[in-house]
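Undergrad: Protein chains in written order, with our numbering: chain A, 1 to 441; chain B, 1 to 432.
In case anyone wonders, no lab produced these hints; they're calculated from the structure.
Check the hints yourself; a few may be wrong.
One side of the interface only, derived from the structure: several residues of chain A facing chain B at Cβ under 7 Å [as the list claims (entries may be wrong)]:
#, residue
1, Ser30
2, Thr33
3, Cys35
4, His55
5, Arg58
6, Val94
7, His97
8, Asp98
9, Tyr303
Just a sample of chain B residues kept apart from chain A, beta carbon distances all over 10 Å, derived [unchecked claim]:
#, residue
10, Asp65
11, Ala149
12, Lys319
13, Ala322
14, Thr324
15, Asp380
Quantities reported herein were computed from a predicted structural model and do not represent experimental measurements.
Here a beta-carbon is modelled for each residue, glycine too, at the ideal position from N, C-alpha and C.
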Amino acid sequence: MTKFSKSQINQNFDDLHKPLNRLQAITEASRCTYCYEAPCITACPTSIDIPTFIHQIRSENIKGAAQTILSENILGGTCARACPTEILCEQACVRNHDQGKPVEIGLLQRFAVDTFLDADQPHPFKRAEPSGKRVAAVGAGPAGLAFAHRAALLGHQVVIFEAEAKPGGLNEYGLAAYKMANNFAQREVDFLMQVGGIEIQHSQRLGDNLSLAQLRQDFDGVFIGVGLAANHQLGIPGENLPGVEDATNFIATLRQTADKSSLPAGENLVVIGGGNTAIDAAVQAKRLGSANVTLVYRRGEEYMGATAWEIDLARKNGVVILLWAKPIAIHGGDAAAAIVLEKTALLEGTLQGTGNTLTIPADKVLKAVGQKYALADEPSLDLAKGKIWVNERFETNLPGVFAGGDCVHLGEDLTVQAVEHGKRAAHAMGRYLFTISALEI
Amino acid sequence: MTNLHCNIAGIDSINPFWLASAPPTDKYINVKRAFDAGWGGVVWKTLGIDPPVINTSSRYGVHHDRSRGILGINNIELISDRPLAINLAEIEQIRREYPDRVVIGSMMAPIEKSAWQELAVKIANSGVHGLELNFGCPHGMCERGMGSAIGQVPEMVEQVTRWVRQAVDLPVFTKLTPNITNILWSAEAAQRGGCHGLALINTVNSITSVDLDLMAPTPTVDGKGTHGGYCGSAVKPIALNMVAEIARNAETKQMTISAIGGIETWRDAAEFIALGASGLQVCTAAMLYGFRIVEDMKAGLQNFMAEKGYAHLDDFRGKAVANTVDWNDLNLNFDSKAFIKQAQCIGCGRCHIACEDTSHQAIRFDTNSQGLRRFTVLDDHCVGCNLCAHVCPVPDCIEMRTVDNGQPRLTWPQHPKNPLRTDVPVSKNTEV
Ligand SMILES: Cc1cc2nc3c(=O)[nH]c(=O)nc-3n(C[C@H](O)[C@H](O)[C@H](O)COP(=O)(O)OP(=O)(O)OC[C@H]3O[C@@H](n4cnc5c(N)ncnc54)[C@H](O)[C@@H]3O)c2cc1C
Ligand SMILES: Cc1cc2nc3c(=O)[nH]c(=O)nc-3n(C[C@H](O)[C@H](O)[C@H](O)COP(=O)(O)O)c2cc1C
Ligand code: SF4
């Protein structure tokens, strides 16, 4: 294969889906049948009124379309870029039945939100009268940001405590670069903050220089949206060799490097895992210029966490997908050089090694076998399925402490799901604060 | 073998498709290109008495659908803005070069006998097959007492038609304006004046849109706009009705009609012929897509005729006229119900909300445990209005099924609930 030039590498991380221009958007919008009680609304975790915003695009009321979207999902711009629409809204589109192709809801949503943001309009929502309450959010990822925005709208003063130097959580450090081109994560946070009443304090890590007990003392309510900070490990020999890295770390470095061509691209790169993170890491490695990228997954394709569309994307980018194989050792002197894989099979319903091994060259190994909740220093929180337990109102076992996003045991680990959790937790906390104050009087 | 050859008011034409008097027929080069593309004839852009008129910069307004398709356009253009002598010389040249194609001279003059007659003779001498009297232009010319200012007064329509008939021995078409209350009054006036054929419709008075920045109607000329003539696909329903009114009226049903208004496809053409038109004229469709559209018009019409076993246009001309009746002749005992073909239903719910909000609450909406949306018609509530079938985005998904209720035909004049009931079956307009 030909090597990419420096400028080609940077171009490889431009928008994966080209945004629609005005005419494309209006034409695509006219494919929408304007369904009554539309199935796509139910399929959207944040319940955006999709037929209405598409109708607004069609009537060239783009500002209205953006408001319709943002009123339910303040991170509608990121969701338009990152949502796996093929398993969400677009899967439910009735146009699948007669035209074999859904309306491009994600691209239309992006058109509306981007047009609105590009026009530099004043923030579209007004805060309620001051409630006199101060609330805290831990983590400035989608869950924390959505919580903060809604809490600010409800009239509370909000302080977000964030461990990292930049806000956005995985929007900034995790989503694939070609989904979030042109520094969109920060642009969106800037827009969100314009609502007022929200302060972000950085380098504040719960369980380190920040304690839940203190937060509960200082604030009327606390929301925890810390995501999944730790990664599962392989537990095999050679795992600590240089060249072996968590895929999320690899992606974070890539996201934080402006000139992607300055990054080393492994000659032979192996990604372990079958979820979105594995796919994103593999595709981005390929676009960075790695000659051979192999994604190794221990079961068959139908078991992969990644959607069919994403698996297809990986193949189109030249990623080799090796199924029914698991890593058993990584070899190398000063650094990783090869990986030993064992073929697997389902025997009487359980996955087992077959004893057949193969060794493939690997100067870089990316581990993408799942992230896990890691707030070990807060033993006071009840857990379920290894994550923070919450009820349907996103309340933890501690009064006044709410949680949402990837770190709780409910829902799927998706940006849009985190936004919905944050939004609903803000409303639930509002009701909680109101009840408490009523009792206090 | 099907054959599109026809005779319109005594004029032989290789096919019924003529270009209407308008920019496409404005000068030699346009008409040459049209004939090369296969059009059977043209009605030359309306000629007037020198000095020629002056046209504005900005002439068209547009009515888009939501996908930037064009429903209709309007224009504020006047008649030919070139000297008469040049137009006549070009007509002579075209007639020599295309002997098998029809050229009709369209004309307009101030309301004076000598003006009309002298102009008619000049145009006739250029070799045209016939004349068309433009009584229709609804903007500009009418402010000078011409165009629709004549067409809106039946006495003037009759008078001017007669003047021209007396002056020349050629087929004369009177072109009618739709901007009137009853098309039959002008049609009958033209007949009394002795015309050989009617041409209709001219454009419909309109403002297509208002520019909300300039706060002026479009098209804007230096910040101001005026009403113009609407044409194209959107006016077809108006034209079809006016043609049908003339074709089913006892006094006018023998008149030859050159139908105009929103003809864009072979199907539009076939519909006008079915309502009695002998010839067809097209303007907007050619302006939007170019002369090549005539290809499909001809081929589509021939395929339709072959399929139905019509060898000549006359075989189906006027076939829908007998079925175009007064409301009083409709059978009130006829019943139909909407039927939703579940296999084709995509579950959008448009039929449900249309019927629920604005019709008869006759479509039930259920969602099963798997989230499958199902829409069913409640026959007891359905009045057979067709609304659901029209709003459904899937063609043929909702079928209107006739209910065999065994009841005899019953019209309003015979209906027991009619206080003025006559008991006499109405036969007016049921046959031609
Ligand atoms: C590589 C990758 C790709 C993905 N791609 C997609 C995609 O394409 N589409 C999609 O919908 N979803 C995707 N996801 C999932 C999505 O990113 C998450 O579901 C979403 O970001 C969860 O939001 P969150 O706010 O719960 O957590 P996060 O986004 O993880 O944010 C948590 C925030 O809390 C901070 N924090 C953590 N610990 C502490 C602490 N102790 N004290 C203070 N602050 C702390 C973090 O720094 C971070 O800012 C992807 C995930 C990964 C890992
Ligand atoms: C720009 C323009 C100019 C027209 N000029 C004339 C004209 O000079 N004389 C005339 O009889 N009709 C004129 N018409 C009307 C057309 O001949 C025709 O009657 C009308 O457009 C309806 O047909 P359509 O829907 O196929 O366009 C004009 C129409 C347009 C769009
Ligand atoms: S035909 Fe009319 S009344 Fe009957 S179901 Fe359809 S919309 Fe309702």
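Undergrad: Run every hint past the structure and note whether it holds.
TA: Taking the hints in turn, this is what the structure says about them:
1. Ser30: Since chain B brings a Cβ to about 4 Å from Ser30(A), closer than 7 Å, the hint holds.
2. Thr33: With a closest approach of 4 Å, the Thr33(A) hint holds.
3. Cys35: Because about 4 Å separates Cys35(A) from the closest Cβ in chain B, which is inside the 7 Å limit, the hint holds.
4. His55: 9 Å, violated
5. Arg58: 5 Å, holds
6. Val94: Holds, because the Cβ-Cβ distance from Val94(A) to chain B comes to roughly 4 Å (cut-off 7 Å).
7. His97: Interface hint status for His97(A): holds (4 Å vs cutoff 7 Å).
8. Asp98: 5 Å, holds
9. Tyr303: 23 Å, violated
10. Asp65: Violated, because the least Cβ-Cβ distance between Asp65(B) and chain A comes to about 8 Å, which does not exceed 10 Å.
11. Ala149: Holds, since 38 Å exceeds 10 Å.
12. Lys319: 34 Å, holds
13. Ala322: It holds; Ala322(B) is separated from chain A by about 37 Å at its closest Cβ, greater than 10 Å.
14. Thr324: 33 Å, holds
15. Asp380: At roughly 22 Å from the nearest Cβ of chain A, Asp380(B) sits farther out than 10 Å, so the non-interface label holds.
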